[in-house]
Amino acid sequence: MGPDGPADGDDRVDRGEGADREDEIVHRRIEPKAGDADYRLLRLIAEVEGIDVTELPPIYDRIDHLVTKMYENPPSPEAQAQLSFSYAGYRITIDQDGKVSLIKIADGLPPE
1 MGPDGPADGD DRVDRGEGAD REDEIVHRRI EPKAGDADYR LLRLIAEVEG
51 IDVTELPPIY DRIDHLVTKM YENPPSPEAQ AQLSFSYAGY RITIDQDGKV
101 SLIKIADGLP PE
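Heads up, the sequence shown stops at 112 in the UniProt record's numbering, and the numbers go up one at a time, no gaps.
These are calculated hints, taken from the structure and not from any lab test. Mixed in with the good hints there might be a few duds.
[As the list claims (entries may be wrong)] Capping the alpha-carbon separation at 27 Å, the derived lysine-lysine pairs in DSS-like fashion look like this: (1) K99 <-> K69; (2) K33 <-> K99; (3) K33 <-> K104; (4) K69 <-> K33; (5) K69 <-> K104.
Treat the numbers as computed from the prediction; the structure is a model and nothing was measured.
Build the full structure now, drawing on both the sequences and the hints.
This is the structure in structure tokens:
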């Protein structure tokens, strides 16, 4: 549970055979609404890392407001739109329904 309450959706972690931390895929969900979608994603990442959201590097320098923009005027459900990017040591995929997958690709947070 984060400082602003629990993350939305399920708390699922998939591990392959003989998996270590870097083989984990964390599946969560954020509310698919514009407004503060970027912040909800940051909260989720901070919760997974066990840190405060203020310890994360600025997301806007990396992806601007793409997460929020995806929810401002979403495509039709048939589009099955996804956004994938790397941030804070994770490969992140988020879809238009708010499903988020986090794959750890690096230890620790990158230097600012």
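Now for the hints, and whether the structure bears them out:
1. K99 <-> K69: holds, 16 Å
2. K33 <-> K99: Given pair K33, K99 holds - Cα atoms ~12 Å apart, limit 27 Å.
3. K33 <-> K104: Since the Cα atoms of K33 and K104 sit roughly 25 Å apart, the hinted pair holds (cutoff 27 Å).
4. K69 <-> K33: Roughly 10 Å between the alpha carbons, so the hint for K69 and K33 holds.
5. K69 <-> K104: Roughly 25 Å between the alpha carbons, so the hint for K69 and K104 holds.
The earlier numbered hints are all upheld by this structure, with none contradicted.
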